[in-house]
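Protein chains in written order, with my numbering: chain A, 1 to 428; chain B, 429 to 700.
Hints may be right or wrong, so weigh each one.
Said to hold, decoys possible - Straight line, CA to CA, 30 Å or less: simulated DSS-like cross-link-like pairs of lysine-lysine:
no., chain 1, residue 1, chain 2, residue 2
1, A, Lys259, A, Lys199
2, B, Lys572, A, Lys339
3, B, Lys679, A, Lys339
4, A, Lys339, B, Lys559
5, B, Lys629, B, Lys572
6, B, Lys572, B, Lys679
7, B, Lys513, B, Lys629
8, A, Lys354, A, Lys339
9, B, Lys625, B, Lys559
No lab work stands behind these hints, which were simulated from the structure alone.
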Amino acid sequence: MLETELRPLAESDARPPAGRALIQRSLLIALTIGMLVIGLIVAIAYSAMPLSDPSLVESTPGQLAIWIAARNGLSEESVLATARLSLVAMGLLGAVLTARGVYALVRHTQRSRRPLFWALLSFDLLLLNIPAVPDSTWYPLILVGLALALVVLFIAPGRASRMLGVVVVISALLLSWEVYIALGNATGNVLPLTDFPWKMPHWQNIAEQLLQPARRNGPLLLVGILADAALFTWREAFVGFLAGSLLGFSLGALFAHSKLLERALLPYAIASQTVPILAIAPMIVSALGAGWLPVAVISAYLTFFPVTINTLRGLLSPDPMALDLMRSYAAPTWTVLWKLRVPSALPYIFTALKVSATGSVVGAIVGELPSSRSDGLAAAILRASGNYAAEPEKLWATIVMASLVGILFFAAVSLVERWVMRRRPVSE
Amino acid sequence: MSTSPNPTSEIKNRKSSVVSLQNVNKVFDGSGSERVVAVQDINLEVGANEFVSLIGPSGCGKSTLLRLIADLLTPTSGQLRVNGKPPRQARIDRDYGFVFQAATLYDWRSVRQNVQLPLEIMGFSPQRRAKRAQEMLTLVELEKFAEHYPWQLSGGMQQRVAIARALAFEPALLLMDEPFGALDEFTRERMNMELLKIWGKTGGTVIFVTHSIAEAVFLSNRVVVMSPRPGRITRVANIDLPRPRVFETRKDERFFAAVTDVRESLREAYEA
């Protein structure tokens, strides 16, 4: 009886396509072949490119190569040749991954989204590496390829994973950004923000900046410096996250068991979140002295509230019959909490923890400002914004790194959640 | 088919009553002046090893009555005794097992862990927990599904797990609140047989709430007929069908007669 219930539904991709499906599929294959050709053209063009071509020299690996040559006393030619090779490889990678997409479309259309997703990623990689030098042929081609990839992914059948959604949105934003700049340049900069390049830098330039020294001819790459700063800030944020979550959970559990305490204290918890953090951060710093502690406290301050609210909601979420069951066992309050209320609350608590993970990073950055911590992201942001007009890409690169910390923290909490909830029914 | 218009007179002969209710009333204070009399003047004695069903249309207070016995609700007035104790004491002494309308299994626990839940709370040693859970799963014939999770089981199987859980700590009294109400007719009939088989092995007293006449007649020694607004007992019907009751029992003329009898009482109660 159960065997049949548990068996997954058979995939029905063997069915031959008919009518509209056939047209859709042919269109998909044609567009994907277009991407494949673009990948190949880029690979071939770069393989035959002279080492002095601006499309090579200004590219992300090209600029990195020049810095490496200068640092190590190598000849620019040999290192640039390696950069050229890496660009050829990226073009080929795009072609190969797209070819896999074409194969998937021909063989089993219903599951073609995943390989096409990888093809999209390879075009994102090309966009971040090939420079938008004036009159470049290759840069517009990449934009066309990326646009094709997005269209194909949009109409292709198959499962849409969350990761796919995230990457598609980011790619679409990158593409719109670049197309907007191109349109602005083509129309004589009448569009807002396109009159000076520093208002909207190319994303290739931002990526390039990450792989350039933090200071002119300095020994360290910006990405390395920023990674150190990010780790530094994340450690403070993590302590704050732990403390804030613990506090939030305890308050939620307290409120769940005492209506009186909830009525009395919850308004203050809400009020605490309406006080501008920028105003109280200096007070906390002057009270606790410089160091990591005030930063973690400020971070915890931004963390605890969502956890409190969701813990309260989650602990009160079990169905009355589930509670009656516990009552019929004459189970003590403590047992009901650990064996019923907390397991029922976990989905709510994890939702809050994910919000808090990103909040704690923001809190740590805000907290670093008044405590003049010079090794964290706050200092990096200050440095980069002081120099914005000259090197706008550096601030953008710093912002990318700062949001990456929040995103990775969020993803880590999501992973823990998935592990903890692995035995629960999937509710998608 | 004998009927006793006054149930207490017959009870005098019983040696001990497991559940005893005398003039029990339950009134819910609604918002404002709205007072709902859920059950009124309930007198009922249930003896050891009896299988008693409470039947009646929705709103007749049969679930309320069961919850009063289980101390999930407190009576407004009247005398209520479970194993000779106040219901609260009986609950604290874990004198009864309760099976709800829904299986109420905890999603994050496997079938085995669900059956072990009351044993954990009652402080059984891990070895005894494992042994009892295994015995119970064998009893409800779900050994093979011990490591499954509730959401992987059908409704009937989930309710069997709930029964195994209720019996795990060997209570002498089993309270069941429309346990098969959500199941389809075929599954329900099968579950009725299963329940009788289990009861045949474990013994004990069962009080069973249902709104299915056939189910009540098939399972019980006595069927308590209730009428709504306010919930009262209008009749207690003795069911004299021989045991063991099997598939063929449902085709027996005496079964039909008993069903008709109970149906008539329900109609009278409703029209009164």
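Quick rundown of the hints versus the structure:
no.	hint	in the structure
1	A/Lys259 x A/Lys199	violated (54 Å)
2	B/Lys572 x A/Lys339	holds (25 Å)
3	B/Lys679 x A/Lys339	violated (46 Å)
4	A/Lys339 x B/Lys559	holds (21 Å)
5	B/Lys629 x B/Lys572	holds (20 Å)
6	B/Lys572 x B/Lys679	violated (33 Å)
7	B/Lys513 x B/Lys629	holds (26 Å)
8	A/Lys354 x A/Lys339	holds (23 Å)
9	B/Lys625 x B/Lys559	holds (21 Å)
Checked against the numbered hints listed earlier, the structure breaks hints 1, 3, 6; every other hint is satisfied.
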